[in-house]
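Enquirer: Please take these sequences and the hints and turn them into a complete structure.
Numbering-wise (the UniProt record's numbering), the sequence shown opens with residue 1 and increments by one.
The set of hints was computed from the structure by calculation and includes no laboratory data. These numbers were taken from a predicted model, which means no experiment stands behind them. Be aware that one or more of the hints could be misleading.
[Claimed, not checked] Distance ranges between label pairs, derived from CB positions:
1. A252 x G89: 18 to 26 Å
2. Q327 x Y111: 42 to 50 Å
3. T261 x L188: 19 to 27 Å
Beta carbons are placed, not taken as given, at the ideal position from N, Cα and C, and that holds for glycine.
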Amino acid sequence: MHDPSPDQAEPEPVTLPALAPDAAMLAVLHEDLERAAAYKKAARAAATHRAYNSDWIIYTDWCRTRGLVAMPAHPEQIAAFVANQAASGLKPSTIERRVAAIGHHHRTSNYPAPAAHPEAGGLREALAGIRNEKRAKKTRKEPADATALRDMLAQIKGDGLRARRDRAALAIGMAAALRRSELVALTLENVGILDHGIELYLGTTKTDQAGEGTTIAIPEGTRLRPKALLLEWISAVRVLEAEVVRTPAQEATVPLFRRLTRSDQLTGEPMSDKAVARLVKRYAGAAGYDAAKFSGHSLRAGFLTEAASQGATIFKMQEVSRHKTVQVLSDYVRSADRFRDHAGQRFL
Numbered sequence: 001m002h003d004p005s006p007d008q009a010e011p012e013p014v015t016l017p018a019l020a021p022d023a024a025m026l027a028v029l030h031e032d033l034e035r036a037a038a039y040k041k042a043a044r045a046a047a048t049h050r051a052y053n054s055d056w057i058i059y060t061d062w063c064r065t066r067g068l069v070a071m072p073a074h075p076e077q078i079a080a081f082v083a084n085q086a087a088s089g090l091k092p093s094t095i096e097r098r099v100a101a102i103g104h105h106h107r108t109s110n111y112p113a114p115a116a117h118p119e120a121g122g123l124r125e126a127l128a129g130i131r132n133e134k135r136a137k138k139t140r141k142e143p144a145d146a147t148a149l150r151d152m153l154a155q156i157k158g159d160g161l162r163a164r165r166d167r168a169a170l171a172i173g174m175a176a177a178l179r180r181s182e183l184v185a186l187t188l189e190n191v192g193i194l195d196h197g198i199e200l201y202l203g204t205t206k207t208d209q210a211g212e213g214t215t216i217a218i219p220e221g222t223r224l225r226p227k228a229l230l231l232e233w234i235s236a237v238r239v240l241e242a243e244v245v246r247t248p249a250q251e252a253t254v255p256l257f258r259r260l261t262r263s264d265q266l267t268g269e270p271m272s273d274k275a276v277a278r279l280v281k282r283y284a285g286a287a288g289y290d291a292a293k294f295s296g297h298s299l300r301a302g303f304l305t306e307a308a309s310q311g312a313t314i315f316k317m318q319e320v321s322r323h324k325t326v327q328v329l330s331d332y333v334r335s336a337d338r339f340r341d342h343a344g345q346r347f348l
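Expert: Pasting the structure below:
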């Protein structure tokens, strides 16, 4: 391909006006819109039909391997089936759909659905228990608050490339309440070094799908020292790449936190988000914490937990975390305030 010459310039794209349906248009399109709605309904029905057929095959296979008659089935037989499915790790919604599929096949064969049987109480209890167990397993990961992060940073010994990178990544991740995907997406262009701290510019994120971008301020700090740790990492990279020449455009795309080989050689690729999670777990474990309770999200949760415990307002926390609503943040504040100014403080 070659660039077009001036007399072969590409034509200006034609911009069509956006159409907003008005009452007259809706009247004209009434029948076609009804057909479109019917097609959508048919598509959903077809998808449900396919899922029900698949669920029925799974159920009948389960019955056959146990010498059971698939239909008609007593509710206790279906309760045993759902227990088997839950043990295999299926989501409650999938299990409930399979019960619905079994009921559908019963009704089309002129049998009552097992879930509607007068003795279906045990089946309903089994389904409720599966839902409750699933909710109980959704435990929030431990936050890497200021104390935990200081302990983790203390485990990173030396001034080698990996040590500098790991210290900086943990400190910046917590100080800016970053999601791990946001941390690894940072480039050198996203960082502004100021006298009193750091500014991070974020583009499209989970809470900024419009891509308008936002700037996060990180104070210099005297305890975790995120600015100092980041500068140590950046300076180490610059020393290694002193003879590397890049254009401003190339420099702008260089990942801030880069992947290292097993022999600690610097690559041009960013760290992966999974590597961030492994980093958090490794140093949490080294510091004496239960590594299984920590994840990449622990950095973001750690900032919010510490900010709430130090009395930061929800709105100041929101400036950093960029949550669209304050509901999640209010949970952190309530948790921090459980013992502060307690109702029973004066008489217990």
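Enquirer: Each hint needs a verdict: does it hold in this structure or not?
Expert: For each hint, the structure was consulted:
no. : hint                    : result
1   : A252 x G89: 18 to 26 Å  : 44 Å, violated
2   : Q327 x Y111: 42 to 50 Å : 46 Å, holds
3   : T261 x L188: 19 to 27 Å : 21 Å, holds
Hint compliance for this structure: hint 1 is the single one not met.
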